[in-house]
Amino acid sequence: MPAADREPLLVVEGLRVSYASRHGRVPAVRGVDLTVGRGECLAVVGESGSGKSTVGRALIGLAGPGASVEAERAEFAGDRLLGRSERDWRALRGAGIGLVSQDALVSLDPLRRVGSEVGEAVRAHRSVPRREVGDRVRALLGDVRIPDPATSARQYPHELSGGLRQRALLASALAAEPALLIADEPTTALDVAVQGEILELLAQLRAGGTSILLISHDLSVVARTADRVAVMHAGVFVETGPTEEVLTAPRHAYTRRLLSAVPTPAAKGSRLSEEPVLTAAARPAPVGSEPLLQVIGLTKTYRRPDGGRRIAIEDAEFELAAGQVLGVLGRSGSGKSTIANLVLGLIEPDRGQVTLSGRTWSPSTDAARRAERHRVQLVPQDPLNSFDPRYTVAEIVAEGLGAHGRRGTRRVRDRVVELLGRVGIDVDLLQRRPRELSGGQRQRVAIARALAPEPDLIVCDEPVSALDMSVQAQILDLFAELRAELGTSLLFISHDLRVVYHVCDRVLVVDSGRIVEQGDVQEVFRRPQHDSTRALLAGFEHEPADAS
Amino acid sequence: MTDNTAAAPRLESTTSGWSTRIRPGIALAWLVLALIAVAVLWPALLASHTSDEVDVVHAFSPPSADHLLGTDRLGRDVYARIVYGARISVTVGVGAMLLGLIPGAVLGVLAAAGGSRIVSRAVMLVADILIAFPGILLALLIAAVLGAGTVNMMLAIAFSTLPGFIRLARAQALVVRESDYVRIATTLGTRRAAVLVRHVFPNVLPPLLVMATVSIGTTIIAGSALGFLGLGPQAPTPEWGAMLAESRDFLDVAWWTAVFPGLALTLTVIAISVVGRDARHRIEGSPHAGR
Amino acid sequence: MTGKARWLAARLGNAVVVVFGVATASFLAVHLAPGDPVRTLLGPQALTGTVEQVRHELGYDQPLLTQYLRFLGSLLHGDLGTSYQLQEPVSRLILSQIGSTAQLAVAGFVLAMAVAVGLAIATSGRRPFWRRVSSLFELIATASPTFWTGIVLLTIFSFHLNLFPAAGAGLRGLVLPAVTLALSLVGVFTQMLRQGMEQALDQPFTLSARARGVGETSVRATHALRHALIPVVTLSGWVVGNLLGGAVVVETLFTRQGIGQIMAAAIASRDLPVVTGVTIVSAVIFIVVNLVVDVVYHLVDPRLRTEGRA
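Residue numbers (the working numbering), protein chains in the order written: chain A, -19 to 528; chain B, 125 to 415; chain C, 3 to 312.
For reference, chain A alone in the conformation it holds in the complex:
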């Protein structure tokens, strides 16, 4: 339990950070107060653009070139944080306040061995005589529970697994024994199981007396680890308080929105966002005798650079009924993308077949498929290469209508406007280019494009992974509406357990090229049969954490 009666380690009042830009100064942090006591963990929660990372960096004087940092009061362990010289900052960084970032793959120098990265703070602060640095490094790696410190120290970051890498990064931040650790999204980009391990390490640290400033967008991470929470939005804290209080009885509207956007198991079947419902009543589920999509004995292998063969998918079998949403879960490299490409008819299988409404879909030729091509469409992940950068929104959707040459005609234009309206995109965005839109808007356009040829099946490849929680909520609601109204089937690929649970009727679990389990989503999640499934689902709360 945090010792609330002792002198707080970090006290900041009225922190402001702004950046110089061509249009004048742009504020990133607009007046923030925070305190962190000894042995306490304060979490700063917010979405991208809220300014939370800037707060962390400003505290160690690394807000970046062109940054102007001001505060009414900023003290760490009695020392002033303002007006420090570069030399003073260097003395503080690593030894007083440490920083651990997300994704050790890029946060550790890929050209240097792990050991030298971990020992760098020790050498910089000369906390230990030179010849003992090696021992200290191995001890540190042991502290973060890396199984074979001596070997790992001699390896390069990319040679370690994601979890070990992140631990090593943590060790490098703790090397000079700082009293406060700033953890900026320390568990993003990690598997759920590994996330848990890192969070445990952090809890251990806290128990040992180190204070933690945890910066995250993930409310479940925060719920597990933090004593107090500050919710940040547009550069200010909209709400602060003990974790339990803020997460169960939020006072501010933004906090409430953030909480309801999280697809908890209890929220399955209900809306996540506050957006108005755009579509009409639901169509009754079609009664079909045969499944829409059937995959039988599908196998695909690739030749490896050194000559061997890599099995991407082996003997995959599953069915998808009309109007159903089938989720595909698995780690990266498990074969999810290959399944998507095979179903889309973009690659040919080595063995097995895919049938669409009983007719052979794959293996087949482009010419044979052309007439039916439009029936299976794709909504890809967000990054900009989902769209031809030269096309406007109108042209993108028009391409979906197959109306490339006839873009200008009234009929085409009307249909484009109608489609965009259905996904919530306004008419005045018609002439914009994709890079001028926000992530959420781009995904809506991608959905409109996919709907244009009136497909029976849409393959969604991580469609919400790159979106902020609140925007994700809106898009998930949109999927739910469209599915209810149009009866389109979805093949929904995602690594996010909660999203899959929320959206899907049934789910496939893929591991190392094989489908190890499939069935009703609630069944599989509650009673996983296969070991890989259990491992994948570890950490998924079946009971709602709080009644929100």
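Think of the hints as simulated: they come from the structure by calculation, not from any bench. A virtual CB, placed ideally from N, CA and C, is assigned to each residue, including glycine. A hint or two may mislead.
[Unchecked claim] Incomplete in silico selection of chain A near chain C, CB under 10 angstroms:
#1 L42
#2 S81
#3 P90
#4 A101
#5 A104
#6 D436
Assemble the complex: chain A is given as a structure, and chains B and C must be docked to it using the hints.
Then chains B and C, alone, in the frame of chain A:
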């Protein structure tokens, strides 16, 4: 394989800090280019003398009011020869670039997205072989074989720029081919040829054009190097490189016959580089640059 | 065969094919060119009888395929033919001159590299003013043709200031040619190094290093520099090309011994065996350097070392 995607690496843009300051520089660069265009199209507008007015009495006279940049060993006005020489250098530069760009773009795109593995391998092998001729030596070989003359120079230099264009076009085409919007165009039923025309070529072209603009600088220098070695148009046609070669033996008496033609060359190439870099800024503000 | 060995074998195989292609391309360039090489050699005044005799002697009257096979055969023996002008075996000619060129090339390269590293470290990520100055310098250095900078240097330092000789061997005679050659490289080197460093300084691992209390200079020297050198290493092919091409010009300009000067003379006199021979040798050097660099690259960048595994 270590990738030398250009005959010479091009000068890239630096991070922000340039944009506001270089404005006067870009204007200046455009001005220089305009002057050169005039020199190519209406040389008489800029020079009062002609390039082959022999006047041996006044040979090797230093810069004066009558001869702005002095005279050479035959008494010809150096300034006039520079102005008239612009035509050769620019023609060779632009011509060689186009002769490399157009086939290079087509071959590169075909190698990446044409659908035939054999074609792809063949094209890349040709590019590998051509690139193996280091720098200017290929041009030298071909020019030596074909003989002197402007057209031969162009051909020779085009061969050495060709592989760079092929490689860049192929690399870009590969990126485009793998992107989601091309996958989706396929799911929409678009034929392969239509995909090439609608998506691949238009997105491959911008970086190629940037490379092309900057490579004009390289081709102009290569042209003048060939001229310097005697492989350019024959005397008395003025050519900047040949002028420099002539001047080498008289450096102690008439430095102006060497310095000014070279200065013209350098300024031209600088102007092209600056303009090319600016074009790059604008183009890379958009497609495939990511953020 | 392990993954590594397979990769190496593939690269070697590719290199051999390319050398073969280079030789063939050179042969074709010479033999398919318009005009009669023998007439060109002997001049327009030559008598038909002499022309036929020389043609027979040189083997030009044989069918193309036979000539090609003989050409390949002699290549494999290291025989690059005989110079028309000097009546000496080309290979011997090249061997005797290559040392001087190598000296020049190494001097130029080392000088350019040293200046580039210094400039890059001094100007990367610092005040914009120095970056602009450096950029301007790089621009001018790259845009100026080698033969012109050589001429300017000659004029100033040799003829007017009399500091260095206009021609000649020895250390003093090496200075101006080496500086000229270095100027042709330094622009690109500095630019790539500086850009590479600035990119590296923007990366998350630099933030981590700074957050550990490491100072700015140390960050550049121990982290950024290594990353910045990698793209420069891939430039080495272009560097070799530039050095060899530059040698032709510089040696002519400064009247230095070397294969560049042989090449220039051979071009002027249309001495095709020499031109072809030097080109082929240069190409082989280029290919070998690329191969070595590829291998070194793989050894140096630990990320690439585990290719073929996991």
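Here's how the hints hold up against the structure:
Look at L42 of chain A: its Cβ gets to within about 6 angstroms of chain C, closer than 10 angstroms, so that hint holds up. Evaluation of the S81 of chain A hint against chain C yields a held restraint, the C-beta minimum of about 6 angstroms falling below 10 angstroms. Interface hint status for P90 of chain A: upheld, as the beta-carbon distance to the closest one in chain C is roughly 6 angstroms, under 10 angstroms. With its C-beta approaching chain C no nearer than about 4 angstroms, A101 of chain A sits inside the 10 angstroms limit, and its interface hint holds.
This hint holds: A104 of chain A has a C-beta 4 angstroms from the nearest C-beta of chain C, less than the 10 angstroms allowed. Hint on D436 of chain A is violated. Least Cβ distance to chain C is approximately 39 angstroms, over the 10 angstroms limit.
When held up to the earlier numbered hints, the structure conflicts with hint 6 and nothing else.
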